[in-house]
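Chains as they are written, first to last, in the numbering used here: chain A, 1 to 492; chain B, 1 to 492; chain C, 1 to 492; chain D, 1 to 492.
Among the hints, a few may not be true.
What the hints assert, rightly or not - DSSO-like, lysine-lysine: derived pairs with alpha carbons at most 27 Å apart:
#1 Lys208(D) / Lys161(A)
#2 Lys436(A) / Lys339(C)
#3 Lys208(A) / Lys161(D)
#4 Lys308(C) / Lys163(B)
#5 Lys436(C) / Lys336(A)
#6 Lys335(C) / Lys436(A)
#7 Lys161(A) / Lys342(D)
#8 Lys353(A) / Lys445(A)
#9 Lys163(B) / Lys261(B)
#10 Lys336(D) / Lys336(B)
#11 Lys308(B) / Lys40(C)
#12 Lys335(D) / Lys163(A)
#13 Lys173(C) / Lys308(B)
#14 Lys436(D) / Lys436(B)
#15 Lys339(A) / Lys354(A)
#16 Lys342(D) / Lys163(A)
#17 Lys38(D) / Lys436(B)
#18 Lys335(B) / Lys436(D)
#19 Lys40(C) / Lys353(C)
#20 Lys354(D) / Lys342(D)
#21 Lys308(A) / Lys308(D)
#22 Lys163(B) / Lys40(C)
#23 Lys38(D) / Lys127(D)
#24 Lys208(D) / Lys336(B)
#25 Lys436(C) / Lys353(C)
#26 Lys354(B) / Lys208(B)
#27 Lys436(C) / Lys208(B)
#28 Lys163(D) / Lys308(A)
To be verified - Quick partial rundown of chain B residues pointing at chain C, CB under 10 Å, derived from the structure:
#29 Gly73
#30 Val188
#31 Glu190
#32 Pro289
#33 Val322
#34 Leu327
#35 Ser331
The hints are simulated quantities; they were obtained by calculation from the structure and are not laboratory data. Every value quoted in this text rests on a predicted model; they were computed, and no experiment measured them. Yeah, the Cβ is synthetic: ideal placement off N, Cα and C, and Gly gets one too.
There are 4 protein chains.
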Amino acid sequence: MNRELFAAGERLVSPAYVRQGCEARRSHEHLMRLLLEKGKCPEDGWDESTLELFLHELAIMDSNNFLGNCGVGEREGRVASALVARRHYRFIHGIGRSGDISAVQPKAAGSSLLNKITNSLVLDIIKLAGVPTVTSCFVVPMATGMSLTLCFLTLRHRRPKAKYIIWPRIDQKSCFKSMITAGFEPVVIENILEGDELRTDLKAVEAKVQELGPDHVLCVHSTTSCFAPRVPDRLEELAVICANYGIPHIVNNAYGVQSSKCMHLIQQGARVGRVDAFVQSLDKNFMVPVGGAIIAGFNDSFIQEISKMYPGRASASPSLDVLITLLSLGSNGYKKLLKERKEMFSYLSNQLKKLSEAYNERLLHTPHNPISLGNFFSFLKHYGKLVFLKRVTNSSLVVPLGSMQTVSGYTFRGFMSHTNNYPCAYLNAASAIGMKTQDVDLFIKRLDKCLKTVRKEQNKEIDNNDKTEDVDIEEMALKLDTVRLDTCQDSS
Amino acid sequence: MNRELFAAGERLVSPAYVRQGCEARRSHEHLMRLLLEKGKCPEDGWDESTLELFLHELAIMDSNNFLGNCGVGEREGRVASALVARRHYRFIHGIGRSGDISAVQPKAAGSSLLNKITNSLVLDIIKLAGVPTVTSCFVVPMATGMSLTLCFLTLRHRRPKAKYIIWPRIDQKSCFKSMITAGFEPVVIENILEGDELRTDLKAVEAKVQELGPDHVLCVHSTTSCFAPRVPDRLEELAVICANYGIPHIVNNAYGVQSSKCMHLIQQGARVGRVDAFVQSLDKNFMVPVGGAIIAGFNDSFIQEISKMYPGRASASPSLDVLITLLSLGSNGYKKLLKERKEMFSYLSNQLKKLSEAYNERLLHTPHNPISLGNFFSFLKHYGKLVFLKRVTNSSLVVPLGSMQTVSGYTFRGFMSHTNNYPCAYLNAASAIGMKTQDVDLFIKRLDKCLKTVRKEQNKEIDNNDKTEDVDIEEMALKLDTVRLDTCQDSS
Amino acid sequence: MNRELFAAGERLVSPAYVRQGCEARRSHEHLMRLLLEKGKCPEDGWDESTLELFLHELAIMDSNNFLGNCGVGEREGRVASALVARRHYRFIHGIGRSGDISAVQPKAAGSSLLNKITNSLVLDIIKLAGVPTVTSCFVVPMATGMSLTLCFLTLRHRRPKAKYIIWPRIDQKSCFKSMITAGFEPVVIENILEGDELRTDLKAVEAKVQELGPDHVLCVHSTTSCFAPRVPDRLEELAVICANYGIPHIVNNAYGVQSSKCMHLIQQGARVGRVDAFVQSLDKNFMVPVGGAIIAGFNDSFIQEISKMYPGRASASPSLDVLITLLSLGSNGYKKLLKERKEMFSYLSNQLKKLSEAYNERLLHTPHNPISLGNFFSFLKHYGKLVFLKRVTNSSLVVPLGSMQTVSGYTFRGFMSHTNNYPCAYLNAASAIGMKTQDVDLFIKRLDKCLKTVRKEQNKEIDNNDKTEDVDIEEMALKLDTVRLDTCQDSS
Amino acid sequence: MNRELFAAGERLVSPAYVRQGCEARRSHEHLMRLLLEKGKCPEDGWDESTLELFLHELAIMDSNNFLGNCGVGEREGRVASALVARRHYRFIHGIGRSGDISAVQPKAAGSSLLNKITNSLVLDIIKLAGVPTVTSCFVVPMATGMSLTLCFLTLRHRRPKAKYIIWPRIDQKSCFKSMITAGFEPVVIENILEGDELRTDLKAVEAKVQELGPDHVLCVHSTTSCFAPRVPDRLEELAVICANYGIPHIVNNAYGVQSSKCMHLIQQGARVGRVDAFVQSLDKNFMVPVGGAIIAGFNDSFIQEISKMYPGRASASPSLDVLITLLSLGSNGYKKLLKERKEMFSYLSNQLKKLSEAYNERLLHTPHNPISLGNFFSFLKHYGKLVFLKRVTNSSLVVPLGSMQTVSGYTFRGFMSHTNNYPCAYLNAASAIGMKTQDVDLFIKRLDKCLKTVRKEQNKEIDNNDKTEDVDIEEMALKLDTVRLDTCQDSS
């Protein structure tokens, strides 16, 4: 409402009350102005009222929401379903233009502002999360894998001779496929076992660079966040190698924003060596739906080059999600989530240690991994049991030994354990952002019940060796299903 | 957004685009200003975007939505559930104050504006619907019955000696109970049969006034909208009697706003005689959920007296519903609904006539009833069949003969037919606002199938007189259920 | 989804996953079944997903949501605006029938279930809040005042000779008007000053009963929750007097559900004497929007009589709000709110005491009032300052001396202080449900700033007696506005 | 609700009513079952109630919505903001897995079903829109350009020697960039002028294939929907060339689904020659927000290969939008939109013709373009006027002569006119899906006002040649702005 409107209102209800309402509006506007002017995440989260007012204000700046709009173009932001319009807060035009995903759209000033502000807020958050010298970033409505592909495709134009990407092994399909999709040949560097941890083989990396010739290497593609017992790559050293040989360095920081350690590695890498871009998932770090990523870096022109490489407009949906989320949380809210995650990591770690000891097993010692934990369970060698453990804990994190897997024509031995021959099978658990004490407690409880059942079966098996494993499986399935249902009901 | 905000936006995206957005905002504001200044229903309906922006603007004027609000009163508009806050657009304070349901609330300028504007819009609509000289009205969050009670309670203070309410009979419980609840004794005036129609017995009314003495009569309580074969009361003549004897006149216009004939009767009554207040349902006339009514009249001070009689605050929900509805429709949209209803009445009438003729039955001739129709079906004398007819048509509108009913201690013979001895049983159908051609067609289709089945049974019965009615009922139930399910599936 | 649907789903995605989804559905259904079977508030609140699924399931049971519905009645639950349908979760038929607001509607099984369950849940909560022997209650979509009126109107039919309602004075307009509206003459019993507290004058009540004659007294209308220094009425003793003289007893328990003390008084009254009905606000006790109340009692047939007195259908909106709220909170959540309120009361009390002492003023000693506090401030005698204090604290709770007010023809001396001559002016503050520490802190901070300013002015005045008060006011207004804006900005 | 729940309900309200509600539920379930079993777009659109129930049912099958879920993975579908969860109907897991964007997710049976059903519905619609022999398709959450890139990247693995993409020129940046981004060299084939139309130079295409050698050609990249005076490519002949030389053929069918002519071309191409995949925009064809595309084809394994090329999960948002839209519309609703679009094309064409004649200008004769029209205006040679024409019509569709543009290092002469030297400047207007009569009328009205103004200026110029163009521009800007504001207000 503007002054005229308030004046009209004063004729209907007491001017004093209207003035109070007018003042109230100004305090919402004050928050919006700060945001637009500073482009920083507000310290305190906005309430829903301010947030929705802001989105509404932006949306009516888009041409599809103009009163008396008449469109004769081929794309006018018309929407057939009111449900769809509503769920997008009437932002229909997406973001970007054919020239650049970060570009401003003439028909959509509101969507364009939304995009600019989101990128600005996200940059602010990356800084406070541990990479203060980051200079540029943008949200892209593709998940981490495809975003890495876009980085590689951009580099192709800079390095026409390059055919290889050097990649310290991490057993996660998307990031492997991101290189294949971009048309490059991944050069897998096996990890080194140090204690329980799997760490980057720096010598092998450097040797490979020399062997292939730096010009034929598109980039080094390293990883921070990963499942234990693998730990974040030795980013500083890799960054130095990249700098020395003039090779770009792309970091897969998938769920690393939530860990100050991962972020610090990137910051250090950029300080002492070369980090060209680092890519992080929106959903894994900001608790939004799957489908977006942030591509960030220390060199404006390179990041802009990537953003210009995206051909055409794109969905505004991931940007909108992260904007809503960050404005709701405020930087204080986000910092609180980071702090709680760290505490949950300790808590989960302690609870797993206790449980392990109770079964005479042990927690793998992986101090360099700030997010994920691995638990050694000797009986995990029986594959059948793994299946059930997986079902009971609703987790996909039971890592057997010696599993073979072929991805895009490449065969990995010991797949999921990040190495050909990890000494033991184990179970993974991560402390991800948003996890609560009750999650840990319930998980531990279910795991305990499940282990008890498995132990009991094991003892029987010793007595009764002629039973086939297959029969076992069916029986145990029933038993474990009961366990699962029991624990489900406990919790509901 | 104000100028400062737009200026801040211009730093992020092209000033030209922002200016366009700013202009767009002004066109929304223009509509809001017109509404606030003129207090009339806009001709063209608003789109959802303008509507929600307007509600949002009003809501942030309420103190519960102030940023930095700190409440230490006993009622501060706090809401426990976000779902609840959202569905009320964050209007929490209700309407009115302890002194007056139409009063302005200091803590809730927005809710107060909402209330004022709604009442103003509704007044505008009543005028265009056929009562141009109405001067005052307000929405009350109670349905028609309780609203009539409030009118009677208000009159009590003006007429301390009065004990009776003169009431031309209409067989609808709420309006009868509205008098009982208010503590008065209804004096039932039986209707006169004229052709097929049941009409007001004016002589009996006047005789009763003389018999009881005008001072002992609180008011005449007449009715416009009703089910055929009753027709609207002779309002002009009743209004003249009221004027002559100095007796107030309260009109139950429950679903009469949708009919220009009902509205015209009220207008004429007020012109030639006395109409103190007329009460209409929100849901039946404006297609909103049940729960609100409009109390309107020609004398500001009396209507205000009623509004001051309501003790305390009240729900804003019905006001909000009708505001949203009228702003969405615009006066043109509402007029279109009125026009379509009239057309549907003709269509329904014709279809029923055709169907009646096909079964050698006839449509009751009730030209004074503009909304409801009665169909004579000779076989309706069998009660068992009625039950099924009712189920098949999903209607509560089958009126048998000679049913007795006691309401609050009063016994009515021939209940539901508005008279002690209507010559025939019949089936009612109404053309209410919002009805579509396919509603009529589907109803006629189901009725036809049902009649066919009943006829068939009837023929069998003639052959087979030893069968008891009870057996009949069960069998027919199954047959008719099949009919119902068949027709349901046709339509889905 | 039923089994067939899940089976169809299994053809599209893995049966194992679908089965898991099917199990998940069953756990939601389990909660719903418990609710329907036991009719009690679940201990743990439901998540939004279960809650909305439940509402959706109920809504599709209403005929307006039937696929292939064809309506030819005068009221078919059609809705013109999609926004309106949505905000009511497509419950359009309201609650009740013409015969009874608690009755089941044939066209609306879902709405009827909603109504039944809500009343059942609310009964459960009243029990746990401190009135375990309550037997019957219903939610009525009218605020406390009108609900009291309905109780009085019901009693009229039982006590045809009665003209008076005995009412220990409480200075709140709605409850006074509730008697006037019902057509009775309030007999005001002045309170007795005991220490700082204002308490019921039991002797005066009994004397008045004898003077008027029990048959001429409709009921005693007592009050629990009220602003200090008035305290809850001596309910036990009043209940005994009522029992002795055979006079009904209606308790205005407006915001008393939140206080175990108020509830205990009612429970005790019913145990030792007579309590016919007690009425409480929905918004003040359950943090929902204004507009509903609960009428409860210990005698099913009387409560049902009241429910049958309501003429016609009514809005389902308040029932829906409280249902959503209670299911979201669970009984544990509601108990937590009650506990926090009690703690906030102590906190507020302590902070006010500290502040008072800093200004050499004192907190009124009102140990019987569990919700509201009064603070004595000697300078409050200057009316001009009151105005500003009010504006600064956004409160309506500054009580001056000797204000006269006429309500419905009755004149009250010392209005708002519940007595003709309270010894001092004071400021009220309440600890209502949902209040947070930051509310108290912000209030104290603003009050402090304001008091400082007022003190400074006072000192100046002493030096400068020729200045008129009017000039003073304008100047102070500016100063205090600055204070207010400052503190507003602190908090945003 | 299942049987148990309904049984519980029967204890609260009449069993007959509950049974009716139960039946009602079954009719909703019936629709869902049909959908799941047949995988086809329902003929009649679903109402919101069925639609939201269905989405809700799917959502609770996802693990993030399990009651008692405890997640210890790195991605558990937790959502920080309730607004975000709500707007995605609580589908948080996105679609696909690391291996395949069409794969089923173990943690998200509901999202997986959603994805499968959407793809199935979309396939059904493509068939009815004119490509009945299509066998496979999937929705990808990237706009058309990036989706084309994905096709090219997939082909790279099949054709390791290929470096070139043969591309009949169309002046739209995204599709050009899609080839650059994929790392290929576009070989631009200039169009031939036939009458007013610009058509594919088939001889040049074949010559180029021979010149480069088929093995070095990744594919032919043709276009259907485009702005007049360019017309859809000669798809049949191109498909035959591709078949003859064993070259893949990718069709950019950006907004072609809405035109039966474009669809027919694809169908014919596939029948007589080779079409490997055709890509269409979701927003331009289905009236949903920007951000999704459909990749479709006639060979399951190739389409699956593309879907497996996408590395990782992806946003479910575009799939959800198109699912909601198609279920709301039904196939009948979509067909109606297609029919109306065709009628609007004729209407727009006639109106433009009339207007042209009034100004002695002419409409370009482009009978092969079923969507877009070009209007010749002789005065368009003055660039200054173009700018204003653009502003007035809010269109980006004024095509000047001789504009040069460099895209990704390639320079285009006469950019936007699809040829180096189109004989005249012109203005474009398209009849896109969802356009209404009032859009056309308003556009024609604004254009008319604008042309009048321009003409007047032109006449003045002839008299007054010494005025500079620059001065002209400023003056005309003011004049035309007035025109725009006037026409804006007309329409509001």
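Structure-based check of all given hints:
no.: 1; hint: Lys208(D) / Lys161(A); verdict: holds, 26 Å
no.: 2; hint: Lys436(A) / Lys339(C); verdict: holds, 24 Å
no.: 3; hint: Lys208(A) / Lys161(D); verdict: holds, 26 Å
no.: 4; hint: Lys308(C) / Lys163(B); verdict: holds, 22 Å
no.: 5; hint: Lys436(C) / Lys336(A); verdict: holds, 20 Å
no.: 6; hint: Lys335(C) / Lys436(A); verdict: holds, 23 Å
no.: 7; hint: Lys161(A) / Lys342(D); verdict: violated, 50 Å
no.: 8; hint: Lys353(A) / Lys445(A); verdict: holds, 14 Å
no.: 9; hint: Lys163(B) / Lys261(B); verdict: violated, 32 Å
no.: 10; hint: Lys336(D) / Lys336(B); verdict: holds, 24 Å
no.: 11; hint: Lys308(B) / Lys40(C); verdict: violated, 39 Å
no.: 12; hint: Lys335(D) / Lys163(A); verdict: violated, 49 Å
no.: 13; hint: Lys173(C) / Lys308(B); verdict: holds, 11 Å
no.: 14; hint: Lys436(D) / Lys436(B); verdict: holds, 24 Å
no.: 15; hint: Lys339(A) / Lys354(A); verdict: holds, 23 Å
no.: 16; hint: Lys342(D) / Lys163(A); verdict: violated, 50 Å
no.: 17; hint: Lys38(D) / Lys436(B); verdict: violated, 31 Å
no.: 18; hint: Lys335(B) / Lys436(D); verdict: holds, 23 Å
no.: 19; hint: Lys40(C) / Lys353(C); verdict: violated, 41 Å
no.: 20; hint: Lys354(D) / Lys342(D); verdict: holds, 19 Å
no.: 21; hint: Lys308(A) / Lys308(D); verdict: holds, 25 Å
no.: 22; hint: Lys163(B) / Lys40(C); verdict: violated, 45 Å
no.: 23; hint: Lys38(D) / Lys127(D); verdict: holds, 15 Å
no.: 24; hint: Lys208(D) / Lys336(B); verdict: violated, 63 Å
no.: 25; hint: Lys436(C) / Lys353(C); verdict: holds, 18 Å
no.: 26; hint: Lys354(B) / Lys208(B); verdict: violated, 43 Å
no.: 27; hint: Lys436(C) / Lys208(B); verdict: violated, 63 Å
no.: 28; hint: Lys163(D) / Lys308(A); verdict: holds, 22 Å
no.: 29; hint: Gly73; verdict: holds, 6 Å
no.: 30; hint: Val188; verdict: violated, 16 Å
no.: 31; hint: Glu190; verdict: violated, 21 Å
no.: 32; hint: Pro289; verdict: holds, 5 Å
no.: 33; hint: Val322; verdict: holds, 9 Å
no.: 34; hint: Leu327; verdict: holds, 9 Å
no.: 35; hint: Ser331; verdict: violated, 13 Å
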